[in-house]
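Peer 1: The chain contents come next:
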Amino acid sequence: DTGVSQNPRHKITKRGQNVTFRCDPISEHNRLYWYRQTLGQGPEFLTYFQNEAQLEKSRLLSDRFSAERPKGSFSTLEIQRTEQGDSAMYLCASSYRVGGARANEKLFFGSGTQLSVL
Amino acid sequence: DQQVKQNSPSLSVQEGRISILNCDYTNSMFDYFLWYKKYPAEGPTFLISISSIKDKNEDGRFTVFLNKSAKHLSLHIVPSQPGDSAVYFCAAFGGTSYGKLTFGQGTILTVHP
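Chains as they are written, first to last, in my numbering: chain L, 1 to 118; chain G, 1 to 113.
Any given hint could be a false lead.
What the simulated footprint calls covered on chain G by chain L, stretch by stretch (three residues with Cβ under 8 Å from a Cβ of chain L suffice, anywhere in the stretch; the number is not a length) [as the list claims (entries may be wrong)]: (1) 37-45; (2) 104-112.
Pairs of lysine to aspartate or glutamate residues, derived as DMTMM-like cross-links and limited to a Cα-Cα distance of at most 25 Å, are as follows [as the list claims (entries may be wrong)]: (3) G:Lys100 to L:Asp63; (4) G:Lys100 to L:Glu28; (5) G:Lys68 to L:Glu44; (6) G:Lys68 to G:Glu42; (7) G:Lys100 to L:Asp24; (8) L:Lys11 to L:Glu28; (9) G:Lys100 to L:Glu78; (10) L:Lys57 to G:Asp1; (11) G:Lys5 to L:Glu44; (12) L:Lys106 to G:Glu42; (13) G:Lys5 to L:Glu78; (14) G:Lys100 to G:Asp31; (15) G:Lys68 to G:Asp1; (16) G:Lys100 to L:Asp86; (17) G:Lys100 to G:Glu58; (18) G:Lys5 to L:Glu28; (19) G:Lys100 to L:Glu52; (20) G:Lys56 to G:Asp31; (21) L:Lys106 to G:Glu15; (22) G:Lys100 to G:Asp24; (23) L:Lys106 to G:Asp84.
Read the hints as simulated data drawn from the structure, not as lab findings. For each residue, glycine too, the CB sits at the ideal point set by N, CA and C.
Extracted from the complex, chain G is given alone in its bound form:
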């Protein structure tokens, strides 16, 4: 039972263009969402988060959008840089589950110079 799904295993983007990574969830109890980035041989690193009371959160080149009715969120990276090439994980939790995150399968982003 995959409660958080990232349906695109990989995404390839040209440097300077926009990268859009998508994530869908099924559990209505989820009310806090996070994106993590992971480089090879390293642990996941927190990128950006959003609470269900918002529909958008922005931090520099990174923006997360949340569509609660569709149970969908997306991460926009503008402009994309070669250093953004990594695996991106969407994660969620809700209620009192706090740090008990449910992760998606990840999307491999490759940004070409």
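With the rest of the complex left out, here is chain L:
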């Protein structure tokens, strides 16, 4: 299977603990995105990378959140000092963008990591 892979699928943690999620994008994709989805809502953009460079961060991404994409391959999303409001599905997506070809901007999503903060 060469789709977007996310680990773990589920994470239960206590308030105040740190958690880290991993995303492995489709191998030839140069862009990687993180989204968050809460119950009854659509996914919300958090941040994205072009290769290893983090190009944009949403104001939803507080200073407790940090994302990395070393060497432009897999990415990690870390949440420090988790709060109950952080409970959500964290989705990773990847795409391959060439120049101004906007029609290629189809994101391929992973199955997500469901975070529950107790």
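Add chain G to chain L, keeping to what the hints say.
Peer 2: Frame of chain L; chain G shown alone:
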């Protein structure tokens, strides 16, 4: 500030009939629109898209219509099949925002045999 809205939380349709899912947007900068389908325990899957230079795009049983003056788009599924039962999300972006999609809340489609 919900810039993309799907006002129908759910839709129930008989197999073989047409399913029409609606989406409204408020941001005039949006110029590219996509529909995603999501099954339980899976990530959203791309279905069909449309650029603002078009008013219709068709792919098999799926057709998306765009009415720019009304800031409204719709997804038609004909004929509907039980396997189409899923959550459908409308999404949009514009300008240089590329993959920074703004999603609607989703509509749960149930197709009854």
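Peer 1: Next, verify each hint and record whether it holds.
Peer 2: Hints and how they fare:
1. 37-45: holds (count 5)
2. 104-112: Per the Cβ count (3), the hint holds.
3. G:Lys100 to L:Asp63: 20 Å, holds
4. G:Lys100 to L:Glu28: 19 Å, holds
5. G:Lys68 to L:Glu44: 24 Å, holds
6. G:Lys68 to G:Glu42: 31 Å, violated
7. G:Lys100 to L:Asp24: 19 Å, holds
8. L:Lys11 to L:Glu28: 28 Å, violated
9. G:Lys100 to L:Glu78: 20 Å, holds
10. L:Lys57 to G:Asp1: Distance ~18 Å between lysine 57 of chain L and aspartate 1 of chain G Cα, so the pair holds.
11. G:Lys5 to L:Glu44: At roughly 13 Å apart (the allowed maximum being 25 Å), glutamate 44 of chain L and lysine 5 of chain G satisfy the hint.
12. L:Lys106 to G:Glu42: Distance of about 17 Å is within 25 Å: holds.
13. G:Lys5 to L:Glu78: 30 Å, violated
14. G:Lys100 to G:Asp31: Roughly 13 Å between the alpha carbons, so the hint for lysine 100 of chain G and aspartate 31 of chain G holds.
15. G:Lys68 to G:Asp1: Holds, because 20 Å separates the two Cα atoms, which is no more than 25 Å.
16. G:Lys100 to L:Asp86: 20 Å, holds
17. G:Lys100 to G:Glu58: The given pair, whose Cα atoms are some 24 Å apart, holds under the 25 Å limit.
18. G:Lys5 to L:Glu28: 33 Å, violated
19. G:Lys100 to L:Glu52: Holds, at about 17 Å.
20. G:Lys56 to G:Asp31: It holds: about 14 Å lies between the C-alpha atoms, which stays within 25 Å.
21. L:Lys106 to G:Glu15: Roughly 29 Å separates the two Cα atoms, so the pair is violated.
22. G:Lys100 to G:Asp24: 18 Å, holds
23. L:Lys106 to G:Asp84: Between lysine 106 of chain L and aspartate 84 of chain G the Cα gap is close to 20 Å, so the pair holds against 25 Å.
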